[in-house]
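Enquirer: Position chain B against the provided structure of chain A, taking the given hints into account.
Heads up: the protein sequence lines correspond to chains A and B, in order. Going by the numbering used here, the letters in the first sequence line up with residues 1 to 107, in that order. Going by the numbering used here, the letters in the second sequence line up with residues 1 to 499, in that order.
Everything labelled a hint here was simulated from the structure, so no lab data went into it. All figures in this text were calculated on a predicted structure; none of them were measured in a lab. One thing to keep in mind: the hints can contain errors.
[Unchecked claim] Once the Cα atoms are required to be at most 16 Å apart in a straight line, the calculated EDC-like pairs of lysine to aspartate or glutamate come out as:
{"id": "1", "chain 1": "B", "residue 1": "Lys378", "chain 2": "B", "residue 2": "Asp452"}
{"id": "2", "chain 1": "B", "residue 1": "Lys362", "chain 2": "B", "residue 2": "Asp454"}
{"id": "3", "chain 1": "A", "residue 1": "Lys94", "chain 2": "B", "residue 2": "Asp158"}
{"id": "4", "chain 1": "A", "residue 1": "Lys94", "chain 2": "B", "residue 2": "Asp159"}
These are the residues of each chain, in order.
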Amino acid sequence: MLQETTFLAPTSWYVILSATLFIMGMAGVLIRRNAILIFMSVELMLNSANLAFVAFARSFMDITGQVFVFFVITVAAAEVAVGLALIVAIFRTKQSIDIDELNTMEG
Amino acid sequence: MDIPTLESLNLLAVLPAIILAAYTGLLLVVDLFIPNENKQRTALLAILGLGATGVALGVQINQYSAIGDQMAFGGLVIVDGYALFLQGIFLLSAILGILMAMNYLPRRGIERGEYYSLILFTTVGSMFMALANDLMVVFVALELLSIPLYVLSAFIRDDPGSEEAGMKYFLLGAFSSAFFVYGVALIYGGTGTTSLDGVAAVLAGEALNLPLALVGMGLLLVGLGFKVAAFPFHMWTPDVYQGAPTAATGFMSVGAKVAGFAALIRVLVTAFPGAAQAWGLLVIAIAILTMILGNVTAISQSNAKRMLAYSSIAHAGYILVALSAAQFPELAQEASSAALFYMLTYTITNLGAFAVVMAIEKDDGSGVEIEDFAGLAKSRPAVALMMLIFMLSLTGLPVSAGMVGKFFVFGVAINAASQSVWLAIVAIVGVLTSVVSAFYYMRIVYMMYMRDGDEEAEYPAIKPALGTALAVTGIGTLVLGFLPTLLFDAAQRALIAGL
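The following block holds chain A by itself, in its conformation from the complex (with noise of 0.2 Å):
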């Protein structure tokens, strides 16, 4: 149990931060033209919504959100696996991951 000395910051504050970072991560994949970039700014977004999560399952005191966390860590790393692989693939065949070098469709 949490003492009433503790200093809890209000839930408004963590959901604030959430949407900064959300918004960074955001910004981040419109603006980078880096693969990998671009994929760490949407790393950051998922990020962003499981500290939102976590604030929200505090403030009500429920599990659902704390394991809707878990859900999202696991899906992030299978999305890891396979945008690396993408990558690397992509590096060795134009030895580039620069995301406006991939044009060769246009219309």
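Expert: Structure of chain B alone, referenced to chain A:
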């Protein structure tokens, strides 16, 4: 929190999905012992697994009228008519997808056994999308559906186009998943639950924080909008459809889209009837823009795969028309049945169109320009006739599945027009853009029948697998056009207790 018992798990209710999931894991191992030159056996085993799943599903559908809706995993999963009908569509599209790939992969020199396992994994994900009754399940199913598709689109490993398609699909798919997850987080924050019924109940009463839940709903819409390729989240579609191996394109143009709609309709109708006005307007706006953009851009395409990509965007718009009518509770059931029926017709027709593209595609992946259809009626009359049927159906002309589908979709929007003038507008835009679509679909027909092709043009032989897929989709398109009430009744019965 309740401790789960075997009864609350109720594994029997989700038996088809469990069978397929277990079988897929097994197939992945069995495939290791199948020699490389015999990978067609893996494909046959995959179809066998889908068939077994289909039998289990058939038994369930048969018992449905006696048992009714069932919950499983303590309410995380719901087995209702809606889910049963959609699972049928997913199994059908997976079987057709594998039949087409059996012919296509060896020709392109990319036949590796994982392809078939990946299709099955995607199918399991789609099935759970339809079964989901909790945002947590929707999320996990969405990823199980998407991650194999990223691999499938990049399946031609040394081809820059395919790699590019895989990369783009992956980055944008992961991006949209992030929106989805953040949306769920905000809904959880606003309502304190992730269960769809729970969210609806909280929203009907005193929401903890309504704005938070509404923003979350908007983010969900963004995340799923990417999956179904609706404007303005469609920009990945043309490149991915063009670059991916045609067999994978055909499969994902129906599998991923229908699964995305399965979740979208379920979430909006079940969890957010309380915010129906808000999402109703959003969906109407997206539907109008999607139909206009898809149809108008498709006109200027010269590559058949790319043209079909824009056409698939347009069809997402038509399904959204049905969804926009579902904002009125008394029409929700009719609208969902119309959407279900439309998805069935779209699945069969679109898979058929891609099968024809595969039938004329050369071994190096070229030969899929619209010009390449020239003279097909002379050199390959049967294939040309099939394509004619599919193009008529995609346009929505009479005696084809597509016409019946459009009839129901626009019909329900017109029915709802008395409640909101926007529904009338969205239906009119739908009809007008269908007329526009005739232009690019009929151009292929014109090429096939009116233009003389290259006399020496050699088409690859059509193997039995692709022939079967063509025959099933062609006959299916006609049957759905002639006997629509039969299946529409099934779609409607599917929803009686459902939504």
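Enquirer: Straight-line Cα separation of A:Lys94 and B:Asp159 no greater than 16 Å?
Expert: Roughly 11 Å between the alpha carbons, so the hint for A:Lys94 and B:Asp159 holds.
Enquirer: Mind checking the alpha carbons of B:Lys362 and B:Asp454 for me, to see if they're no more than 16 Å apart?
Expert: Between B:Lys362 and B:Asp454 the Cα gap is close to 14 Å, so the pair holds against 16 Å.
Enquirer: Given the hinted pair A:Lys94 and B:Asp158, is their alpha-carbon gap at most 16 Å?
Expert: holds (10 Å)
Enquirer: Need the status of pair B:Lys378, B:Asp452: alpha-carbon distance at most 16 Å?
Expert: Distance ~8 Å between B:Lys378 and B:Asp452 Cα, so the pair holds.
Checked against the numbered hints given earlier, this structure breaks none of them.
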